[in-house]
Amino acid sequence: MILLAVDWALVLEKFIFIAFIITVSLVVALYMTFGERKVAAWIQDRVGPNRAGPFGILQPLADGVKMFFKEEIIPTSSNKILFILGPSLAMITAMLTSAVIPWGDKVELFGRTISLQIADVNIGILYVFGILSLGVYGIMIGSWASNNKFSLMGGLRAASQIISYELAMGIALIALIMITGTLSLGEMVKQQQEGWWNFFVQPLGFFIFLVCAFAECNRTPFDLAEAENELIGGYHSEYSSLKLGFYLFAEYINMFISSAVMATLYFGGYDIIPFYDESAWGFSANIMALLGAAALFIKILVFIFIFMWVRWTIPRFRYDQLMNLGWKGLIPLSLFNMLVTAAVILFLKK
Amino acid sequence: MQLTNKAKLVDRKPLSIAEKIYLPAILKGMGITFSHIFKKKVTIQYPEQTRPFSPVFRGLHILNRDEEGRENCTACGLCAVACPAEAITMDAAERLPGEEHLYREEKYAAKYEINMLRCIFCGLCEEACPKDAIYLTETFAPANYSRQSFIYGKDNLVIPHPKENPEAFAKAKGLIDERKAKANQQTA
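Protein chains in written order, with numbering that gives the first Met the number 0: chain A, 0 to 349; chain B, 0 to 187.
Keep in mind the hints are simulated off the structure, nothing from the lab.
Nothing here was measured: the structure is a model prediction, and the numbers come from that model.
Ideal Cβ positions, reconstructed from N, Cα and C, are used throughout, including at glycine.
Mixed in with the good hints there might be a few duds.
Claimed, not checked - DSBU-like cross-link-like pairs, simulated, lysine-lysine; straight-line CA separation at most 35 Å:
1. Lys172/B <-> Lys148/A
2. Lys39/B <-> Lys37/A
3. Lys170/B <-> Lys40/B
4. Lys189/A <-> Lys13/A
5. Lys40/B <-> Lys65/A
6. Lys130/B <-> Lys162/B
7. Lys37/A <-> Lys19/B
8. Lys5/B <-> Lys39/B
9. Lys110/B <-> Lys170/B
10. Lys172/B <-> Lys327/A
11. Lys153/B <-> Lys106/B
12. Lys130/B <-> Lys327/A
13. Lys39/B <-> Lys12/B
14. Lys37/A <-> Lys40/B
15. Lys69/A <-> Lys79/A
16. Lys37/A <-> Lys69/A
17. Lys69/A <-> Lys110/B
18. Lys5/B <-> Lys38/B
19. Lys37/A <-> Lys38/B
20. Lys65/A <-> Lys38/B
21. Lys69/A <-> Lys189/A
22. Lys106/B <-> Lys12/B
23. Lys327/A <-> Lys27/B
24. Lys65/A <-> Lys39/B
25. Lys7/B <-> Lys19/B
26. Lys153/B <-> Lys327/A
27. Lys37/A <-> Lys106/B
Claimed, not checked - What the simulated footprint calls covered on chain B by chain A, stretch by stretch (three residues with Cβ under 8 Å from a Cβ of chain A suffice, anywhere in the stretch; the number is not a length):
28. 22-34
29. 39-46
Please model the complete structure; the sequences and the hints are all you need to start from.
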């Protein structure tokens, strides 16, 4: 009697795919640190890292090795378990979100149809939100366990900031969900492939989402959690070597994932060209899936560039300005956006 | 009351809506930073390229020799007196018979030391010297691990011999401008 039939091939295929996605996001995050330095340099009329390897492409490896071999300090007055748990949590939550993002269409390999999405759950976007808001735990726990008031202040700021901006982000998204009528990211992409990209339907919603994504990732101009001129290093003041590296790395993975989410939600995910049926090219399904994945990747890279571009342009907000913008600016704006969307939907249905 | 014409009245007008929502200003700023991506980079790739010095640059000292290779310095001590940082010390000695090819005059510096940590590279020693013996060149004092090694003795200061090592002599004198020669080679 078989109680539980397990499709081992499916398990294996998912396992390989998960490993692949994690590796890709780690490598991308690794090279984002390099890209960040390069973009910063270009914007400041400098050359940037160019010594390690040709064009400096080995720089991230050198940075990583340095992080590994630096002295590791755990403050005696810290809560040691939580102190180590903090960066790990930040990393884990950053990685988890990638599970529901559709990285491409289906691929046929060895007679099996493999979906380029780890889990097409029908509450995909809710899952993303859940994990995103868990992300602040890494920062909070790390800042609290450091037993340093500046770190704690940084953690507090991060927490209040993420709560404030999560609201506006959620409401902006509700407008989108009202249009698409689904929470599944895979389904959203399919709708965008057939019709318009959501950006053209919801430009204001996208803009609110973008600003909130900056805040959620603790990126400049919303990087109050690590304001060095007021809070030394902010939540990671007490961290050294690889644990600090994990925090910084988690930020880059977060950026990568939120770029992927934005590309999926508003820019058609793995759709290559808007308002165009790519099946007319006559490529096989596998090649189309790969092209789609490449298109998604390019969109992600563009978003990542925007993240960096903004970082090296705009100075950091003051804390009260941040709260003003979140509560008095973005939340009313997103409510307005939701109302207008709802009215338009009602009007069109009549 | 206006004391100078530099005073500027502070604009206390309330922000307009376009200013309040920040976005136009932010987009403008992003435009500026984006344009900088394509601008000429100001970086000088140091070990490969060096920054050209100003013609009045004052760097490390040399003790000069004349064209026959005799040391100019007579240990008169005027440079040490002129030195505001008191970086120069020296011991004088008398030239013995048979040393005429080494020292130009009867008196010479047996020991001549400049403490490069004290030196402020003002160039007063160069101006004080009646014998054209001390000059400031275009090189920096290289980094070192100990303070002692920043005290430059005669072995560091005296210029290479013009007959035994003419190339090094010309280089130290600045007769061959290395960078210009290199640049000429590259352009040619």
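Tell me the hint numbers this structure goes against, listed in increasing order.
Violated hints (numbers, rising): 1, 10, 12, 13, 17, 21, 22, 26 and 27; every other hint is consistent with the structure.
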